[in-house]
Amino acid sequence: MQASVAYLTGTDGGFLLVLALVIPLAGALLAFVCGGRQVERVVFCVMPFGLAVALAIALTQRLVGAPLVYLIGRWTPPLGVALRADGLSVVMIVITAVVMGGICSFASADFCTPEGSSESRAPFAFWILLPAVWAAMNTIFLAGDLFTLYVALELLTFAAVPLVCLDGRAETLQAALRYLLFALLGSALYLAGTTLMYGDYGTLDIVLLSQRVRAEPVLFVAAALMTTGLLAKTALFPLHLWLPPAHAGAPAAASAVLSGLVVKGSFFVAVRLWFDVMPHVPASAAMQVLAGLGVGAILFGSVEALRQKRLKLLIAYSTLAQIGYLFLIFPLACPPGSAQLVRDGALAGGMLQAMSHATAKAAMFMVAGLIYAELGHDRIVGLGNVARILPTSVLAFGLAGLALIGLPPSGAYVAKDLLLDAASATSQWWWALAIQAGGILAAGYVLLVIMHMLAPAPGLAAPGPAGSRKHVSRYQEAAALALALCSLLLGLFPWGNYLPLPQGSLSNPLTFKALSGSVWTILAGAVLAISLGRWDFRLNHRPLTRNLLLAFRPVRRTCLGISRINAELDARLRQWPVAGACLLFVLIVFGITLVVAR
Amino acid sequence: MSTATLAGLTGAILAGVGLYGLIIHPDPLRRILAFNVLGSGVFLLFGIIARRGAAIGALADPVPQAMVITGIVVAFAATALAVALLIRLGAQTDPVVTQADKQDLARRADD
Amino acid sequence: MIVQTLDIGLAALVLTLAGYTVLARATFPAVVSYVAYGLLLSLIWVRLFSVDVALTEAAIGGGLTGVLLIGAAGKRRGTAVAATELDPTQPLRWAIMALCALAALALATVVVSLPDPAPTLAPQAMENIATTGLGNPVTAVLIAYRAFDTMLEKCVLVIAVVGVWSLACDRCWGGAPDVPRAVARGGTLTFFAQVLPPLGILIGIRIFWIGADEPGGAFQGGAILAAMWVIIMMAGLTDVPAISKRWLRIALAAGPIVFLGVGILGFAAAGGFLAYPHGFAKPVIIFVEIFMTLSIAATLPMLVGGAPIRAPRP
Chain A
8 MQASVAYLTG TDGGFLLVLA LVIPLAGALL AFVCGGRQVE RVVFCVMPFG
58 LAVALAIALT QRLVGAPLVY LIGRWTPPLG VALRADGLSV VMIVITAVVM
108 GGICSFASAD FCTPEGSSES RAPFAFWILL PAVWAAMNTI FLAGDLFTLY
158 VALELLTFAA VPLVCLDGRA ETLQAALRYL LFALLGSALY LAGTTLMYGD
208 YGTLDIVLLS QRVRAEPVLF VAAALMTTGL LAKTALFPLH LWLPPAHAGA
258 PAAASAVLSG LVVKGSFFVA VRLWFDVMPH VPASAAMQVL AGLGVGAILF
308 GSVEALRQKR LKLLIAYSTL AQIGYLFLIF PLACPPGSAQ LVRDGALAGG
358 MLQAMSHATA KAAMFMVAGL IYAELGHDRI VGLGNVARIL PTSVLAFGLA
408 GLALIGLPPS GAYVAKDLLL DAASATSQWW WALAIQAGGI LAAGYVLLVI
458 MHMLAPAPGL AAPGPAGSRK HVSRYQEAAA LALALCSLLL GLFPWGNYLP
508 LPQGSLSNPL TFKALSGSVW TILAGAVLAI SLGRWDFRLN HRPLTRNLLL
558 AFRPVRRTCL GISRINAELD ARLRQWPVAG ACLLFVLIVF GITLVVAR
Chain B
1338 MSTATLAGLT GAILAGVGLY GLIIHPDPLR RILAFNVLGS GVFLLFGIIA
1388 RRGAAIGALA DPVPQAMVIT GIVVAFAATA LAVALLIRLG AQTDPVVTQA
1438 DKQDLARRAD D
Chain C
134 MIVQTLDIGL AALVLTLAGY TVLARATFPA VVSYVAYGLL LSLIWVRLFS
184 VDVALTEAAI GGGLTGVLLI GAAGKRRGTA VAATELDPTQ PLRWAIMALC
234 ALAALALATV VVSLPDPAPT LAPQAMENIA TTGLGNPVTA VLIAYRAFDT
284 MLEKCVLVIA VVGVWSLACD RCWGGAPDVP RAVARGGTLT FFAQVLPPLG
334 ILIGIRIFWI GADEPGGAFQ GGAILAAMWV IIMMAGLTDV PAISKRWLRI
384 ALAAGPIVFL GVGILGFAAA GGFLAYPHGF AKPVIIFVEI FMTLSIAATL
434 PMLVGGAPIR APRP
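Protein chains in written order, with our numbering: chain A, 8 to 605; chain B, 1338 to 1448; chain C, 134 to 447.
So here's chain A without its partners, still in its complex pose:
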């Protein structure tokens, strides 16, 4: 599956790629025209077809054994646009379809048109924007042309931004406006880079570009512009100013879409840019910069997550941290001594991380929404007794959280394994340290929430007034549980057919060694949760818990000092001019490292 072969002719089964794009688009347009109460039904009719096409693409690609190609309008690139589905596209399309299915089932209870009205604002908007996001994601995974990717990224942004402020509150409107403006800034930079690429090479087709690209200043400036623009859209630290309020303020189903799927879109374009367009351009120093920002995201986001009062904000900061993992793959894919990117275990690990994060994060946001609906708040210290009221939801959250930490056989576990192997193979031990630290930090904030949920606190959280149970339907809990299980069992699937896994890497994930490694992570995470998390000492916890907490007091004071510094940094970085300055700084530094360290 090397991109060096010129995939410029259509293959059998290519029409399936077109269907993957046409079906969600048609769904969105039909829902718009039908309007009224039909919006939901149209999307529900379209959903199974979309899932079927995704699975068909996976099967066909496996049978054909090579990437599927389709030339739109029968025009060959560079004049026309080609759709290409390699292993990366296939896995992302399938996981998007699965997550979309889960979100559709979950959202049908929250966004149904109320009885007695012919049409309602929030359901109308939601059920049209959701298939639009799907169509945009599929286009990003399949398009073989940089300008088509630009239009798809814009569609994604325009569909995602109104989802943030669907409830109409002032904070969410403010968050949506910042998201839109920062994303537009990113698109403008991306477009500028695309311009330079066309000006230098005369084509924007990915495969043709990979054949024509040379290491020269024009390319470096273009690559710096495009990558920085994509980083702004993916909210990589320190360009994350818009993500926490946007993802935490959106309704639950919308947060699931935003955190689970939308941020992966711009990341995928970055992967396409570096692994398919410019793999042979030496850029090892620049890759170290990218991964450095990723480590910053992991550490910063995790510490911020630990000090959050609200569950949804904790999950949003967790997304920030997990995005950092995705950018660690870039230096890990450079074998020593060659400084060129190869498609091997590191890339496979990154994709698996993206997939497992998509499913686990969607499940977590769904559960957060259910808890909010049931209790009326989502304060973490007030979560005691939830396990008794919403057992399925708590189970779903627990499984999703464990999947995120990397308990085998979850996708995150396999991903971490692959990334650690790549780190040792390329002798970059410092990234291995970062990966381990990230795992422990993730265990920290997940366990903090789980411990609060499981803590019996009589008299604290009573079930809502009679009749509030109808907020939380069984289908919603089932959807969350299904996605959490998906994430937890992701490591069991035979990904070797689609992802460039090294030989013999998928060792049995249920061995004692694998499990024991996770147990150490979880224990360390528990220590972190106790030191850095918020605990309400007035609560009537069991004496053992209280003694434990008191014993940890001095450690807590130091740790809380660190987390206060982190919070100060966050407040500074999330001011618009500072974030803008960081963006420019990243752009310049990235450009310089590309030009200088050849």
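Calculated directly from the structure, the hints in this document are not laboratory data.
Simulated restraints on C-beta separations:
{"#": "1", "chain 1": "A", "residue 1": "Phe22", "chain 2": "C", "residue 2": "Phe420", "range": "22 to 32 Å"}
{"#": "2", "chain 1": "A", "residue 1": "Leu461", "chain 2": "C", "residue 2": "Pro224", "range": "45 to 55 Å"}
{"#": "3", "chain 1": "C", "residue 1": "Thr242", "chain 2": "A", "residue 2": "Arg219", "range": "17 to 27 Å"}
{"#": "4", "chain 1": "A", "residue 1": "Val562", "chain 2": "C", "residue 2": "Pro224", "range": "32 to 42 Å"}
{"#": "5", "chain 1": "C", "residue 1": "Leu381", "chain 2": "A", "residue 2": "Arg48", "range": "14 to 24 Å"}
{"#": "6", "chain 1": "C", "residue 1": "Ile334", "chain 2": "A", "residue 2": "Arg219", "range": "38 to 48 Å"}
{"#": "7", "chain 1": "A", "residue 1": "Pro561", "chain 2": "C", "residue 2": "Arg158", "range": "47 to 57 Å"}
{"#": "8", "chain 1": "A", "residue 1": "Phe22", "chain 2": "C", "residue 2": "Ala263", "range": "21 to 31 Å"}
{"#": "9", "chain 1": "C", "residue 1": "Phe420", "chain 2": "A", "residue 2": "Gly344", "range": "54 to 64 Å"}
{"#": "10", "chain 1": "A", "residue 1": "Val349", "chain 2": "C", "residue 2": "Pro250", "range": "33 to 43 Å"}
Example chain A residues on the side facing chain C (calculated, C-beta under 10 Å, incomplete):
{"#": "11", "residue": "Leu28"}
{"#": "12", "residue": "Trp82"}
{"#": "13", "residue": "Thr202"}
{"#": "14", "residue": "Val225"}
{"#": "15", "residue": "Gln582"}
{"#": "16", "residue": "Trp583"}
As the structure is a prediction and not an experimental result, all values here were calculated from the model.
Glycine included, each C-beta is placed from N, C-alpha and C at the ideal position.
Since chain A is already given, all that's left is putting chains B and C on it; use the hints.
Just chains B and C, lined up with the frame of chain A:
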């Protein structure tokens, strides 16, 4: 220096000016204006690449021109969405309500 | 082509106006100068021999964006703007200015060092244009070679409308938006609204029609038709349609739906998605463009109007 090169330099400077305005202004409406300046600067870069790609029968390369047309429409849609968000935010946070809203609120209070 | 005084003058004017737009203290003058900037920019596009782009920039970039922004500035005039963001400190300002200057410098350097002779797709575009039956290569790129990008962009417009409408308050859902209105009836705006639209509609249709062979096309013609409708609504000569009206929804979605439908039919009729049958390409393209023009003429005013603010009349 040719027309195209001058236009290219203009585009680069416009992009820089727009970028500055987008980052510096606290007022979202000024940021939207600056984004439009930035966008038109980037489109101008496309334009010079089109002009330099002239060939027999076409005074300018049509592919970048088509991309710019698409880009202008997308930028307009982006501006419209941002302006709508801005106006709604203003209506939401502003204590001054319109006359119609006042009457509406008074009527509801009487119910 | 050697640069002439006209080009230098245009560049200087455009840069000054852009600088004023970004650096002015008051908002309203900045918006007005942006409109002038847009119109001058379209002259630069003409100098670059990209007449289609010049038309689009004048109609959409200068004209409709100007209406949108002037309306926004006007709606905000009467209300106190809650300053939720802080002004950046002076050192930060200098830092940002320096970094922006550096970025612009890098961009300018690489623009000047682009290869000569420039790589171009113009010969390929001209070779294949005979099969599409068109004479205007830009239209050929938009509707034939890169039809998928154009179709996706039409969907972007519909989604933007949905996004804008979703910003209404719940009680106003189904009502009508509000375009910037004239203060006095019977004034200049009413006069223009009675005189211009018949002419403008004819010009818009003509520009759409000749777009197949001359500079023009669906986007440009549709934008002019949209501008005419906006003028009529602004003068109060017709009501802004309520968003729940079926005909409005169909008009907005007709363009992308027809485009998508023709694309799917291409599987059967021409052997590929968005492929055009041999010898029959031009009529099909014109058919698609008619609906695209209709959609653009409906969408752009809806985007200018914004979210509905009046509760629907029963």
